[in-house]
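J.: The lines below spell out each chain.
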Amino acid sequence: MKCSDLLAGCCRGQAMKAAMVALVVICGSALCCHGQESGMDSVSALKIRGLEYSRFQARVHGDNHVLDAIFDNALVLVEYDGTLLTKAAYLSAVRTGGSKVLEITAESMTIQLYGNTASVVGIYRERGVKDGQPYLRRGRFIDTWTGKNGDWVCVASAVRSLAR
Amino acid sequence: MTKAEVLADTRAVSAVDIVVQSAGAFSHGSTVVVTGILRLKGIDHGRPYLHYGRFLDTWVYKEAHWVCITSVTTPMEKAE
Chain A
1 MKCSDLLAGC CRGQAMKAAM VALVVICGSA LCCHGQESGM DSVSALKIRG LEYSRFQARV
61 HGDNHVLDAI FDNALVLVEY DGTLLTKAAY LSAVRTGGSK VLEITAESMT IQLYGNTASV
121 VGIYRERGVK DGQPYLRRGR FIDTWTGKNG DWVCVASAVR SLAR
Chain B
165 MTKAEVLADT RAVSAVDIVV QSAGAFSHGS TVVVTGILRL KGIDHGRPYL HYGRFLDTWV
225 YKEAHWVCIT SVTTPMEKAE
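Going line by line, the protein sequences match chains A and B. Here the first sequence is numbered in the working numbering, starting from 1 and rising by one per residue. Here the second sequence is numbered in the working numbering, starting from 165 and rising by one per residue.
Treat the hints with care, as some may be off.
Derived lysine-lysine pairs resembling DSS-like cross-links, with alpha carbons at most 30 angstroms apart [said to hold, decoys possible]: (1) B:K226 with A:K87; (2) B:K167 with A:K148; (3) B:K226 with B:K167; (4) A:K100 with A:K130; (5) A:K47 with B:K226; (6) A:K87 with A:K130; (7) A:K47 with A:K148; (8) A:K47 with A:K100; (9) A:K148 with A:K87; (10) B:K226 with A:K148; (11) A:K100 with A:K87; (12) A:K47 with A:K87; (13) B:K205 with A:K47; (14) B:K167 with B:K205.
Over 10 angstroms on every C-beta distance to chain A, these chain B residues come out as not near it, computed from the model [as the list claims (entries may be wrong)]: (15) V183; (16) V184; (17) G210; (18) A228.
In case anyone wonders, no lab produced these hints; they're calculated from the structure. Idealized CB from N, CA, C, for every residue including glycine.
Let the sequences and hints guide you as you build the complete structure.
T.: In structure tokens, the structure reads:
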């Protein structure tokens with residue numbers, strides 16, 4: 001797979017093939033430490049996993065109060081079509097958007113801790129209705145969390161479509 | 165892709181022109197999130213291509229160096 005293929009999803013007939021390749025790069029030495037989390041790290045990983053599930057549920061129920069607490073005010077969010085949203089824009093879209101999310105499930109989720117920062121990489125499946133038409137979307141999500149004032153907040157989130 | 169796969173892919177790629185059209189950085193202490201738009205131009209099987217994508221990278225400061233821990237590029241129909 002060439003780099004060019006990774007961006008080809010929206011432009012060529014090989015869209016599905018390209019979309020199946022996650023452009024997720026996990027660099028640094030943390031990979032070597034996989035499975036060697038300290039007790040504190042395990043607690044943090046569990047908490048972040050729970051927050052991810054809370055986020056999915058809040059999106060389904062349109063619960064902006066929960067989403068507001070989960071997302072940092074400086075959130076950077078990239079939608080499946082490359083649209084960049086701020087926290088305010090995302091919450092507004094949840095409140096007034098034309099799509100109704102019925103279900104979000106996580107097929108997989110891997111959490112890596114780097115001190116006060118955590119990355120979460122996974123695959124999700126979303127079912128909903130947009131403009132009166134049902135849709136089913138599957139994608140790779142990559143979230144970044146940081147510890148602030150004793151809590152974990154999501155500071156960045158991006159998705160990329162995958163083949164269903 | 166893992167780090168090893170990315171390095172192997174980079175070695176295998178032929179001439180590619182990558183231009184960062186816009187970028188912004190958001191600092192959270194020892195963590196920085198960078199996002200922007202890439203324009204990727206090259207030739208694949210003899211045919212020229214031009215693609216755009218939104219990238220989102222996360223960097224952490226570790227042992228006196230900035231290292232990239234995650235990177236994702238989402239394809240875009242066209243640059244904004």
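J.: Evaluate each hint against the coordinates.
T.: Hints, one by one, checked against the model:
1. B:K226 with A:K87: Holds, at roughly 28 angstroms.
2. B:K167 with A:K148: holds, 28 angstroms
3. B:K226 with B:K167: holds, 17 angstroms
4. A:K100 with A:K130: The hint holds at about 6 angstroms.
5. A:K47 with B:K226: holds, 23 angstroms
6. A:K87 with A:K130: Given pair K87 (chain A), K130 (chain A) holds - Cα atoms ~21 angstroms apart, limit 30 angstroms.
7. A:K47 with A:K148: holds, 14 angstroms
8. A:K47 with A:K100: holds, 27 angstroms
9. A:K148 with A:K87: Distance of about 17 angstroms is within 30 angstroms: holds.
10. B:K226 with A:K148: With Cα atoms ~18 angstroms apart, K226 (chain B) and K148 (chain A) stay inside 30 angstroms; holds.
11. A:K100 with A:K87: holds, 19 angstroms
12. A:K47 with A:K87: Given pair K47 (chain A), K87 (chain A) holds - Cα atoms ~21 angstroms apart, limit 30 angstroms.
13. B:K205 with A:K47: Roughly 42 angstroms between the alpha carbons, so the hint for K205 (chain B) and K47 (chain A) is violated.
14. B:K167 with B:K205: The hint holds at about 23 angstroms.
15. V183: holds, 13 angstroms
16. V184: The claim stands: V184 (chain B) keeps its Cβ more than 10 angstroms from every Cβ of chain A (closest is about 14 angstroms).
17. G210: holds, 13 angstroms
18. A228: holds, 13 angstroms
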